[in-house]
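Number of protein chains: 2
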Amino acid sequence: MRRRGQVSSLGEVQLIQRISRRLRGNPSVLVGVGDDAAVLRETSKTHWLFASDMLVEKVHFRRDDLAPQWIGWKALACNISDIAAMGGVPRYAVIALGLTPATPVRVIDGLYAGLERCARRFGVAVVGGDTVRAPCLIIDVAILGTVQAVHLVLRSGAHVGDSIFVTGRLGGSLASGRHATFTPRLREAQWLVRHLPVQAMIDLSDGLAADLWQLARASQVTLQVCAEAIPRSRFATTLHQALMDGEDFELLFTVPSRAVRRVPKTIGRVPITEIGRVIRRGASVELKENDGQREVLIPAGFRHL
Amino acid sequence: MRRRGQVSSLGEVQLIQRISRRLRGNPSVLVGVGDDAAVLRETSKTHWLFASDMLVEKVHFRRDDLAPQWIGWKALACNISDIAAMGGVPRYAVIALGLTPATPVRVIDGLYAGLERCARRFGVAVVGGDTVRAPCLIIDVAILGTVQAVHLVLRSGAHVGDSIFVTGRLGGSLASGRHATFTPRLREAQWLVRHLPVQAMIDLSDGLAADLWQLARASQVTLQVCAEAIPRSRFATTLHQALMDGEDFELLFTVPSRAVRRVPKTIGRVPITEIGRVIRRGASVELKENDGQREVLIPAGFRHL
Numbered sequence: 420m421r422r423r424g425q426v427s428s429l430g431e432v433q434l435i436q437r438i439s440r441r442l443r444g445n446p447s448v449l450v451g452v453g454d455d456a457a458v459l460r461e462t463s464k465t466h467w468l469f470a471s472d473m474l475v476e477k478v479h480f481r482r483d484d485l486a487p488q489w490i491g492w493k494a495l496a497c498n499i500s501d502i503a504a505m506g507g508v509p510r511y512a513v514i515a516l517g518l519t520p521a522t523p524v525r526v527i528d529g530l531y532a533g534l535e536r537c538a539r540r541f542g543v544a545v546v547g548g549d550t551v552r553a554p555c556l557i558i559d560v561a562i563l564g565t566v567q568a569v570h571l572v573l574r575s576g577a578h579v580g581d582s583i584f585v586t587g588r589l590g591g592s593l594a595s596g597r598h599a600t601f602t603p604r605l606r607e608a609q610w611l612v613r614h615l616p617v618q619a620m621i622d623l624s625d626g627l628a629a630d631l632w633q634l635a636r637a638s639q640v641t642l643q644v645c646a647e648a649i650p651r652s653r654f655a656t657t658l659h660q661a662l663m664d665g666e667d668f669e670l671l672f673t674v675p676s677r678a679v680r681r682v683p684k685t686i687g688r689v690p691i692t693e694i695g696r697v698i699r700r701g702a703s704v705e706l707k708e709n710d711g712q713r714e715v716l717i718p719a720g721f722r723h724l
Numbered sequence: 420m421r422r423r424g425q426v427s428s429l430g431e432v433q434l435i436q437r438i439s440r441r442l443r444g445n446p447s448v449l450v451g452v453g454d455d456a457a458v459l460r461e462t463s464k465t466h467w468l469f470a471s472d473m474l475v476e477k478v479h480f481r482r483d484d485l486a487p488q489w490i491g492w493k494a495l496a497c498n499i500s501d502i503a504a505m506g507g508v509p510r511y512a513v514i515a516l517g518l519t520p521a522t523p524v525r526v527i528d529g530l531y532a533g534l535e536r537c538a539r540r541f542g543v544a545v546v547g548g549d550t551v552r553a554p555c556l557i558i559d560v561a562i563l564g565t566v567q568a569v570h571l572v573l574r575s576g577a578h579v580g581d582s583i584f585v586t587g588r589l590g591g592s593l594a595s596g597r598h599a600t601f602t603p604r605l606r607e608a609q610w611l612v613r614h615l616p617v618q619a620m621i622d623l624s625d626g627l628a629a630d631l632w633q634l635a636r637a638s639q640v641t642l643q644v645c646a647e648a649i650p651r652s653r654f655a656t657t658l659h660q661a662l663m664d665g666e667d668f669e670l671l672f673t674v675p676s677r678a679v680r681r682v683p684k685t686i687g688r689v690p691i692t693e694i695g696r697v698i699r700r701g702a703s704v705e706l707k708e709n710d711g712q713r714e715v716l717i718p719a720g721f722r723h724l
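Protein chains in written order, with this note's numbering: chain A, 420 to 724; chain B, 420 to 724.
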């Protein structure tokens, strides 16, 4: 039941818009609330990226389904995914941990083992944090990354004529456990921003449909996606799953038409698939069905609220 | 009941030690887990400070007792206090918010109004964050500050012969509401590091007794504190309250004997009080009673776990 005046009556987008309006500008903040990470000007050649993500037990994971190692891995990996999607490299993280007093110590050890493994693999130094009592397990990771100014990619850079690509295969992430065990696409994102004029990029956390809308709104363009082109994971039996399931943590990006032939079929073993084009100005997302019919894609992806 | 193998069987100090051991070093991390904030080398003259603090409903505040504005204020102010205690200046913050779906929208508006007021007052740009569903209201603020290398103060710098000072008056913070409405001692900390050779500093979050122990352990020295010298707030009727109540968010610092006469009685309207001395090496804290008796002060301050 969604009551007026409660958070549940607002969508996540409306909630973030409401919050963004309150927060003021600052000349050294190049991009504030609304992209995967904030961009802070350091020098003319390098910027800092600053982001945080909170994972809550029974919302983002269940202790029964997920080993503590993977909870720790996921908490850091989804932040690395945010930094990767901006064209940046993760550097430092602080961890705030909420624990019930009855939490087994082996859970904390496992959680940190997972965090540490992820940190080591992606070159992140975990430099501090906070530990507090809470009614359930909560992990909030704040991450600092750096990005070379020439590699910075925002959600808002898509242009009419661009082709739209995704990495990997989509859907079924929650069912398969991949929502926690995924590899953030840092290497792939770095390859892309170093070799191609990537115009806009976002990581897929809320489901392809919802994140297409994020990109469309930020860039004020209409994206047309071909249903049959969307690469499905083997855990997604339907198109609906590939469109709506959340937490794929793949990359969605656009490249201008002149550069399309330089986009490889794979980076390492990760497939890169063209799924559509930016067809006109004005924020919208269209799905082109196999029979040629077009419909506006409803952004009913995974909702965190 | 504290069971072996559960978090409740470890103290906060033991828990943090356990976590610190797991996390690896990095050459650009000057100070990692264990101080108020991590210190990251930027240039030879300036460092970044990076910290986070999580506030959980019913642990750190109750919605019945505290207006949403003050919840927002507290969430940012306690992070500013951490940066101030290192000699730094807060710059940027990201906010991760956990909300129940039934949270009234006016609560969120109030919360951000408080955050915004605190941010404006202390020159912090709130640049982003995350909003997720949670079983209760949770606010995690991660903060980035800068500190001039010459102004950096750690917990570990106290030396035998130093005098020990506190700002403000201690105790009764929870009863009086000051735990949320406090003014972080940024101005005072900046004055101190610019005018005095401050050797060690920490902000008082867990109660004077517990934080004296933090400083003693970090510096490997014995602090002797005179009971009658401890300045009590008008909400602390007993010495025990001034020693043990948490969330004063005042500063505890040491100054070498040669500089003691340059310590002012007040900074603005905030009293500065000498409460004892660093008497020898070896981590301990002694309380000198009015009758001259000395006892080891048990660190039974406010426990977050």
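Hints are computed from structural coordinates only; laboratory data are not their basis.
Every value quoted in this text rests on a predicted model; they were computed, and no experiment measured them.
Keep in mind that the hints are not guaranteed to be accurate.
Stated by the list, open to error - Here are some of the chain B residues that sit facing chain A, going by a computed Cβ distance under 8 Å: (1) GLY548; (2) VAL551; (3) ALA561.
Claimed, not checked - List time: in silico BS3-like cross-link candidates among lysine-lysine, alpha-carbon distance up to 30 Å: (4) A/LYS477 <-> B/LYS477; (5) B/LYS684 <-> B/LYS707; (6) A/LYS684 <-> A/LYS707; (7) A/LYS464 <-> B/LYS464.
Backbone N, C-alpha and C define an ideal beta-carbon position, used for all residues, glycine too.
Task: Enumerated hints in conflict with the structure, sorted upward - done: none
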